[in-house]
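**Q** The residues making up each chain are set out below.
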Amino acid sequence: MSTAGHGAGVPDFKRQAAAAVADRRLQEIFDRATRQKDDGRRAILPELGDPLAVRNLAAQIKDHTLENLDRYLEQFIDQIRRRGGQVHFAADGPQARSVIVEIARGAGARLIVKSKSMVSEEIELNHDLEAAGFEVVETDLGEYILQLAGEKPSHIVTPVAHKNRQDVGRLFADKLGIPYTTDPPELTMVARRVLREKFRTADLGIIGANFAVAETGTVCIVTNEGNGRYCSSRPRVLVCLMGLEKLVPRMADLPVFLKLLGKSATGQRITCYTSLITGPKRPGDFDGPEEFHLVLMDNRRSAVLGSDYMQTLRCIRCGACLNACPVYRKIGGHAYEATYPGPIGKVITPLLNSLEVYEHLPQASSLCGACLDACPVRIDIPTHLIRLREELVRRGRSPLAFRLGFKGWRLGMSSRWLYRWGAMKARWFMWLVSRNGWCRWMPSTGGVWTRHRDLPVMPARPFRARWAALQKELESEDGGDAR
Amino acid sequence: MRVSLFVTCLTDLYFPEVAESVVRVLHRLGVKCDFPADQTCCGQPALNSGFIDEARAVAARMIRVFEGAGTVVTPSGSCCSIVREYFPHLTEHDPDLHARALALAERTFEFTEFLTKRLKVDLSAWDLPYPATATFHYSCHNRGIGMTVEDITSVLRYFRGLEYRPLVKLDQCCGFGGTFAVKYGDISGSMLADKIECIKATGADLLICNDGGCTLNIVGGLHRQGIDIRVRHIAEMLDEAMRNGDNARLMRGRGQAPVEGLPRRPAACACGHDRTAGGCS
Numbered sequence: 000m001s002t003a004g005h006g007a008g009v010p011d012f013k014r015q016a017a018a019a020v021a022d023r024r025l026q027e028i029f030d031r032a033t034r035q036k037d038d039g040r041r042a043i044l045p046e047l048g049d050p051l052a053v054r055n056l057a058a059q060i061k062d063h064t065l066e067n068l069d070r071y072l073e074q075f076i077d078q079i080r081r082r083g084g085q086v087h088f089a090a091d092g093p094q095a096r097s098v099i100v101e102i103a104r105g106a107g108a109r110l111i112v113k114s115k116s117m118v119s120e121e122i123e124l125n126h127d128l129e130a131a132g133f134e135v136v137e138t139d140l141g142e143y144i145l146q147l148a149g150e151k152p153s154h155i156v157t158p159v160a161h162k163n164r165q166d167v168g169r170l171f172a173d174k175l176g177i178p179y180t181t182d183p184p185e186l187t188m189v190a191r192r193v194l195r196e197k198f199r200t201a202d203l204g205i206i207g208a209n210f211a212v213a214e215t216g217t218v219c220i221v222t223n224e225g226n227g228r229y230c231s232s233r234p235r236v237l238v239c240l241m242g243l244e245k246l247v248p249r250m251a252d253l254p255v256f257l258k259l260l261g262k263s264a265t266g267q268r269i270t271c272y273t274s275l276i277t278g279p280k281r282p283g284d285f286d287g288p289e290e291f292h293l294v295l296m297d298n299r300r301s302a303v304l305g306s307d308y309m310q311t312l313r314c315i316r317c318g319a320c321l322n323a324c325p326v327y328r329k330i331g332g333h334a335y336e337a338t339y340p341g342p343i344g345k346v347i348t349p350l351l352n353s354l355e356v357y358e359h360l361p362q363a364s365s366l367c368g369a370c371l372d373a374c375p376v377r378i379d380i381p382t383h384l385i386r387l388r389e390e391l392v393r394r395g396r397s398p399l400a401f402r403l404g405f406k407g408w409r410l411g412m413s414s415r416w417l418y419r420w421g422a423m424k425a426r427w428f429m430w431l432v433s434r435n436g437w438c439r440w441m442p443s444t445g446g447v448w449t450r451h452r453d454l455p456v457m458p459a460r461p462f463r464a465r466w467a468a469l470q471k472e473l474e475s476e477d478g479g480d481a482r
Numbered sequence: 000m001r002v003s004l005f006v007t008c009l010t011d012l013y014f015p016e017v018a019e020s021v022v023r024v025l026h027r028l029g030v031k032c033d034f035p036a037d038q039t040c041c042g043q044p045a046l047n048s049g050f051i052d053e054a055r056a057v058a059a060r061m062i063r064v065f066e067g068a069g070t071v072v073t074p075s076g077s078c079c080s081i082v083r084e085y086f087p088h089l090t091e092h093d094p095d096l097h098a099r100a101l102a103l104a105e106r107t108f109e110f111t112e113f114l115t116k117r118l119k120v121d122l123s124a125w126d127l128p129y130p131a132t133a134t135f136h137y138s139c140h141n142r143g144i145g146m147t148v149e150d151i152t153s154v155l156r157y158f159r160g161l162e163y164r165p166l167v168k169l170d171q172c173c174g175f176g177g178t179f180a181v182k183y184g185d186i187s188g189s190m191l192a193d194k195i196e197c198i199k200a201t202g203a204d205l206l207i208c209n210d211g212g213c214t215l216n217i218v219g220g221l222h223r224q225g226i227d228i229r230v231r232h233i234a235e236m237l238d239e240a241m242r243n244g245d246n247a248r249l250m251r252g253r254g255q256a257p258v259e260g261l262p263r264r265p266a267a268c269a270c271g272h273d274r275t276a277g278g279c280s
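Protein sequence lines correspond, in order, to chains A and B. Position 7 of the first sequence, counting from 1, maps to 6 under numbering that gives the first Met the number 0, and the rest follow consecutively. Position 150 of the second sequence, counting from 1, maps to 149 under numbering that gives the first Met the number 0, and the rest follow consecutively.
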């Protein structure tokens, strides 16, 4: 299995995908994990009464926020500053990394505990922090396992989706020096003992943001392990790194998303721990950080704002589209070689990085629409994939065979005579390469089809050639009645 | 009632008997079909591959061809979804064409959808013998146009002797996806293999599939693996069953002989119970 993950060299999606589909173990793990969560989501969503209405409402709230993002960002920043928090802006990954390294230096930090954050994966934050001499510990159990293994997440919610308990048992025995066990509670307790000590002694906590509330300057994070709460309450200094699309206007909007997130992500009614963090510790507060830093990162999100792809900024990173996706089920998360795999990743990775580098991602989809059905904020992922494909054609990134082929196809479809002539030629050819009515081999692009399945030879007479006879047959059926 | 048949290129060229059955079944239910002879394709292959200009040209042509038609019925859910979901987008640049696209979108229906939702047909008067153990491939575009599994199984219960066994991963894509199947063959092939495993696991001898693309993909996979499972469109099943059943009065054609090679009325147990419906040994 190709668990090395992304980040090394130029992505080679086709090779990664071919390796993944040949890996039975990977297929079994992902099939089981994704379907379990997908079934969970379907089972629990009806508890909302009218799930579609709630999803539409969530989409509307997000759209409204994005359309007025300047205003809400101003309000949000103002609120944080009023409460004694510091706000930093980062145009891209390098800026965000250096801002956070500076904050850590300024705080005289040594040990940093991190709550799970996809945006920090996006900019590969740990690398710079470690290079600057800090000890960084991932505290989400899945992320902790990956950190020990030196691997990348394969799923945006359950990052260690590609490993089973035997893998984790071996890893813990190897890295933590414990006797080999495959018992999940025992393994969890081992991690817990290690992590508790880290929480106790850390000087700086780094969290992401699931949501941020503009009217109060509140950052909201949800976790199932409570590690986010430890990271945000125990260390003296807290850094929250968030993408600028995470806002909702009012506290009253938040429950709409909290209800949808847990259900869509893991089939839970609500995620176990929901933490609301509003600035640093105030006089009389029992706990909380003395310093609160918000790092607001763009990293090409503002370019998506106002574009045809704006809808994608609604995403709440629940992973429901990954769990529903038949392609993701087949190839797992690493084959995408991107921070955000799966259907939503196929759209936002080219947008946040480069369409040329990730040109396979928007194309490697059957456009089945399972993602659209699953998405709690109703992002029309198939349509966005088609748009990116158009963009690729416009930029001349499609193979010559397709460019010529579709020119010919357009001509062929422009008249019924050309259509029939073309079909006749195709049938002759199929007849030539077939045996007993089936093509087991085709040249060129057709060969990709026949590598996995046969192709029936077209019947000699298409439906349109049978129309007249069919009319006669039906007349005689009627005629029998008239007698 | 009159409708126009949008046969779709795949059905026209690969599965003409499906379209014939659609016309026959509608005819017997009192619906006459036109066939606008100029029709070719809806433009889906180009649209899905990002060739927007080509897709636009072919879509505009299709809108013209069906201009005079009333209700349009098609045996393929995926082509239906292109007309309904994407024609309005494809024509946004031209207000006049856009209005005509919206009008066409509103009056286009997939065959089973037309039967159950538009015609609201009651098939209980028909004797529809179809002895088989069947499973059903719920195509992505059937889902996309708002057809539920129940919409389709509601028709299946009229068949006498038909045992329905649902697929595991019922609504998982079969891996066709048009040019996807020839661009990403490994992934597509692996999705197909998964679908075929699920079909085999039901023990069914018949697969019902109402989408030309999925059918082409799945029959090819079944044939490659040498698996003897028939694949039928629900229109073909209705057509066959209407002919083979005791429907002389309804069929209007007197004394019509059952079609050769098609299933006949199922054999009954000594107890009179329909054996193929299960429950007897």
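Rather than coming from a laboratory, the hints here were simulated on the basis of the structure. We put the CB at the ideal spot given by N, CA and C, even for glycine. You may find that some hints are simply not true.
Said to hold, decoys possible - Quick list of simulated restraints, FRET-style, between CB atoms:
(1) B:ARG63 with A:ARG249: 15 to 25 Å
(2) A:PRO458 with B:ALA124: 29 to 39 Å
(3) A:ARG249 with B:ALA124: 31 to 41 Å
(4) A:ASP69 with B:ARG164: 31 to 41 Å
(5) A:GLY436 with B:ARG63: 27 to 37 Å
(6) B:LEU169 with A:ALA400: 53 to 63 Å
(7) A:ARG31 with B:LYS31: 50 to 60 Å
**Q** Determine for every hint whether it applies to the structure shown.
**A** Going through the hints against the structure:
1. B:ARG63 with A:ARG249: 15 to 25 Å: Because 50 Å falls outside the window, the suggested range is violated.
2. A:PRO458 with B:ALA124: 29 to 39 Å: holds, 33 Å
3. A:ARG249 with B:ALA124: 31 to 41 Å: violated, 58 Å
4. A:ASP69 with B:ARG164: 31 to 41 Å: The hinted range 31 to 41 Å is violated for ASP69 of chain A and ARG164 of chain B, with Cβ atoms some 57 Å apart.
5. A:GLY436 with B:ARG63: 27 to 37 Å: With a Cβ separation near 36 Å, GLY436 of chain A and ARG63 of chain B satisfy 27 to 37 Å, so the hint holds.
6. B:LEU169 with A:ALA400: 53 to 63 Å: Since LEU169 of chain B and ALA400 of chain A have Cβ atoms about 35 Å apart, the given range 53 to 63 Å is violated.
7. A:ARG31 with B:LYS31: 50 to 60 Å: holds, 51 Å
Of the numbered hints given earlier, the model fails hints 1, 3, 4, 6; all others are met.
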